[in-house]
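Chains as they are written, first to last, in the working numbering: chain A, 173 to 368; chain B, 137 to 329; chain C, 48 to 451; chain D, 619 to 1162.
Be aware that one or more of the hints could be misleading.
Stated by the list, open to error - So the derived label-pair ranges between C-beta atoms look like this:
id	chain 1	residue 1	chain 2	residue 2	range
1	A	Gln250	B	Gly161	56 to 62 Å
2	D	Glu718	B	Gln201	25 to 31 Å
3	D	Ala678	C	Thr361	38 to 44 Å
4	B	Pro242	C	Lys95	18 to 24 Å
5	C	Arg325	B	Pro242	36 to 42 Å
To be clear, the hints were calculated from the coordinates, so they are not data collected in a lab.
Note that beta-carbon positions come from the ideal geometry of N, C-alpha and C, so glycine has one too.
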Amino acid sequence: MGEMTSGSGGSSIRVLEGSETGFATTRFDDLLNWAKKYSLFQYPFITACCAMEFMAMASPRFDMARFGAEAPRFSPRQSDLLWVVGTISQRQAPALRRIYEQMADPKWVFSFGTCASCGGFYDNYTTIAGIDKVIPVDVYVPGCPPRPEAVIDGLLLLQDKIARGDREPAIVKPRQDPAVVAGNLVRLGKKSTTET
Amino acid sequence: MSKLVLDILKSRFGDDVLETHSQFGDDTAVVNPAKWREIAQFLRDDPRCAMNMFVDITAVDWLGQRTPRFEVVLHVHSLDKAHRIRLKARVGDDEGNGAEIESVFPVWKGANWFERETFDMFGVVFTGHPDLRRILMYPEFKGHPLRKDYPAQKIQPLIELRDVPDRFGPFGADEGMSFGRQTHDYRRDEETN
Amino acid sequence: MEPLDRDLEEGLLELPSEPMMLNMGPSHPAMHGTVRIVLELSGEMIQKADVQIGYLHRGFEKMCERGTWSQIFPYVDRCNYVSPMLNNVGFALAVEKMLGVTVPERCQYYRVVLGELARLCDHMICSGAMCMELGAFTPFLYFARAREIIWDIFEEETGARVTHSFGRVGGMASPPSKFFKEMVRAGVPRVLEFINEGEKLLLKNRIFLDRLEGVGVMPKEDALALGWTGIVLRASGVPYDVRRAHPYLVYDRMEFDVPVGTTGDNYDRFMCRQEEIRQTARIIEQALDQMPDEGPINIDDPRIILPPKNEVYTTIEATIQHFKIVMEGIKVPAGECYSYTEAGNGELGFYLVSDGSGTPYRCRIRPPCFATTQGLQQLITGLMIPDVVPTFGSLNMIGGECDH
Amino acid sequence: MATIKIDGREIPFEQGDTIIRAAHRAGIDIPHYCWHPGLSVAANCRMCLVEVLPPPGRPAMQLDILRWDAEKKDYVPARKPKLIPSCQQACAPGMEVLSESSEHVEEARAAVQELLLLNHPVDCPICDQAGECRLQDYWLEHQRTGKRMKQEVVHKPKGVVFGPTIVYDAERCIICTRCVRFTAEVAQDPVLSVRERGNLNEIVVSPGRELDHDYTLMTEHVCPVGALTSSDFRFKARVWFLRSARTVCQGCSTGCNAYLDYDPRSNTPHRHRPRDNEAVNKYWMCDEGMLSYRRAVENRLLSGLVGGEEASLDDALEAAKDQLAGLKDDPSRVAIVLSAQHSNEDNFALLKLGRTFIGAKDFYVSGKPLGRGDKILMSEDKNPNTRGVMQLAGSPAPKPIAALLDAIKAGKYSFVIALGADIEVDTQNAKSALSKLKGVVTMAAHDGALVQAAHIVLAACAWAETDGTFVNKQGLSQRSERALTPRGEARPAWELVARLGKELGYAMTEKTLADVRRAMAPEARSESGPNAGRADAGKPEVSA
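All chains, please: the whole structure from these sequences, using the hints.
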């Protein structure tokens, strides 16, 4: 009677031994989520600067394919992960919403970069202050543009959420090494470590 | 360099050249709006000017500082002579009415989008432009954003926006990477200091 | 085997003949997500085309009127996000022109090298994206990998991969790092290798060539009248390069050729880009050789340049200086000026109007590909739908720049 | 008129002018710390040194000095002209002065500046003066180099409490003695003095005293650096975020010209600054007035009241209509109460409603009770517009509230329409008297007796939230600019009056302030004194 947990997110697969062909039991949802999280068909809704880093994500060095999320589908109907990459202007918003509505469930939205997450420093007459004003968002990745590492974090975080069946919006925390923080920053008490 | 051009203009159009200067080495002529296209035509065709390359058209809003309110600014360049000139004309009253000037589209067809943009951003009307539509903003947009009296943050949404009750919800302290994949434990940090 | 419809006559077929409207974009893989083209088709022929931009209008010029002069750099960065450094340098030069200052020689070379590196990226990405849109994904991967090499250099120098905001009025944010020259000298040849390989994959590919050659021809007169500059203009056979025609920084000391096309079709544009990549590499080489290792990067004027941070914290004079520059901004003499440089896509102009305060009164950017994109309509009219993709790709339209 | 030349520019001067005063009048800024147009000359900061050319044919006064020679690495003898403090040197006809154009002067200013910053702490980030500090401005204009001294700076007391309103920081102080002179000459209470000497000297309060007279905040205002800070403004706001509106102080009937500094982002006022006006307050204001900016936010009515319950403006107007039903039958049973706290425009509107439309006979004026006054600025009448109301109403002159109460006790009135909240008599019997009436409608910006006594209250704007004209005790009518956007549902009183009039079925046509002003033009003319509308005369934003 050994037990191993599959990846993350608490879904558990019990492997029962004893027979020469071992078999496993798990909950159906877990199996389904487990399948979903490794077969994300993405629709890249690419507008602005972040596209550069998105290219980097797709290209050899930070290879998105490693996470089973590389296959781009340029039809929303065939995709289940919507990457919103870059600033969304008021003029663009209807297009974005329509795309989202055309996608078939289950679908997830990935807000790539500060502009998509909150409008960034384009605080003016033409920019949507965050796509969550238009469509619900699953994962926010801050950064202008975010480094591919951060994006990968976001992707894994999303897969986590999928495995856990969790639809709460989540944000990728900026990575910080406590040693570096201690060394370089003026410690202003709690805040500096929790928020930087 | 192209002081020459200014002289030519002055000699050719006389009083219609209201003022000229060469600040920072850019030769500038402020001309009578009525003669706008005529002068443009001249600049292109006259062999001494030969301004065959269109560069830029824009406007400046001098709300409350000058009347006429708008300054339409045209930059053109001559490849063969390798000289440039900036042409300016002042139009429009304080409310922005009567901001009209002839289009130079017939002279340089490159003016097409630039004039549309100037119209879009400032509401300067270019008479004789083939299709003077908005170009950067959407047709439903009211007003002209680059006018000094248009508030920078006044949005005019095309679709009604979802109201995000607590838009910083997901940005809370304990959100983020699940326990399994964090670089380190933030809670412990908080305890330590 | 002979066609079935050999004895059919067009007239007998009752096909609907009224034109069909087709919408491309704004979210279309080949439209860079920010352009919408409404096509009026008869069959596959494009009779009319209406190119609509503005889907990435972010109010650049409005934002510029709200901060100090130095606070504009981040916005400039994000105008042409494929080669931000060129924009940085261009804007810095514009403000310096108004201030009447010239940066030290070392800084000029530094700017040239960084700028040209950015130009490399720009051209590679354009070519890469173009062939990707034509279905050739592999070369894109080569180019993207090559770009990573340059971005590593940028990251080492500026701390950022894409948007550096590294330019400053009167200098750069920081002097070259210790191994700057070595890094570049080592990096550029590797980049060229990748490019050569990628190019081989393309130029031996019949499909690729067929979709490029003779498609989207732009006569030079029209190109000029449309205000085209940069690669696209040179591809049409006009040898106009700002670096050559009106040298700025130290370009007059550089040996480089200006590649010029003959017919001005997609193929010429593609080849000009590839050739200019190599010329750029040449410039970088020379600039590195001539660049002095010692000497200041920033001009010496407390009214323009921020003091070193450690002094700010310790001496009152530096504090005041820092305070004045940050809070009130650099006081730029009142007046107007138009300054232009050769950016990735051509002549990038800044028309600045100052009222003598620390904030620009008007900051007009003259984006090269705004002019370029308005030629698209003329280019694709009369072509077939599939030709739109390579034609649009070869223009290298950058949303942020085109839509301000 | 006799003239002198400064940097080749011809400027006139009056008999007895010093160079700097003549220049100041002509709008030429000669840098200075200790000189203040309203104070005596101390000539101790040496920042205003200028070079005065000798009369034609006379030798210049030269000094023998040793100048450091970079090549020789040694001091070599040299000569330079003797510079003269322009704040002390009187003008003589035809005098030629070099200010910007003399390198000796530039050198001297740089040296003075370096000396003043020698022991200055690195305080800008926490200093309230930062952003309007002479040290900062002049450093950038005249020095632009680091200091050569490497030693530790001299440390002096910080955060010394001078009194209830002022905190002193000796390290930032440059001993210009402006505050000392101010307390002695203007406030006539010489409580400050300089102690010690050299780089140890500092300002101290006389033993056994503290800085507690009526003009303490002025010492902070005249301080060219951040040495004196007012405990009221301290650490509240950064000056570069503030905007200024040219207002008239509401503290008393003197009508001092002031700048109201407010933060447009949070719509809150932060301080009053005196606005130079020779005819009224010269360069000064009293503490009471300086702190009166708070009245723009404190104790405000944010919405209408009906029987003590909050109500929207429209509901309140509705209720007012019912309350005042039957007031048309007998105009003589209506009493109109004007307010010396409100501007001419407001009072004029009410006057018009009362006289022209209702036909009321009796007018009264409400206002604050008399207070303490002095010989300098403070007047006993604590209402900014008493004289304005009197002039508007003409004869018969409005009677005081006391008379109103008597008349009410005599059962003369059943309706009262009142402006303003404060009354000079005892609140209690006012309430008891008024509450008996059939209808009492009050328009007021603040809570007060008339508000508590009224059945219906309409919330009006405070002076800071609307333009208005106020007539001070000299009969000078001065305009006050709008600074803030109205709080809550407050509207300008004249507008409330107009809407009330419409509600009652009268043809009150005023839509904008301009209408009101046009309508009251004749009165305005009759009252306008020599300096009418002085507030609009574009004075420099920064006083000396």
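For alanine 678 of chain D and threonine 361 of chain C, compare the CB-CB distance with the range 38 to 44 Å and indicate the outcome. holds (42 Å)
Just to be sure I understand the hint, the distance between the Cβ atoms of proline 242 of chain B and lysine 95 of chain C should be within 18 to 24 Å; is that true here? holds (21 Å)
Glutamine 250 of chain A paired with glycine 161 of chain B, Cβ distance criterion 56 to 62 Å: holds (57 Å)
Within 36 to 42 Å or not, the Cβ separation of arginine 325 of chain C and proline 242 of chain B? holds (41 Å)
Tell me if the beta carbons of glutamate 718 of chain D and glutamine 201 of chain B are separated by a distance inside 25 to 31 Å. holds (27 Å)
Taken one by one, the earlier hints all hold for this structure without exception.
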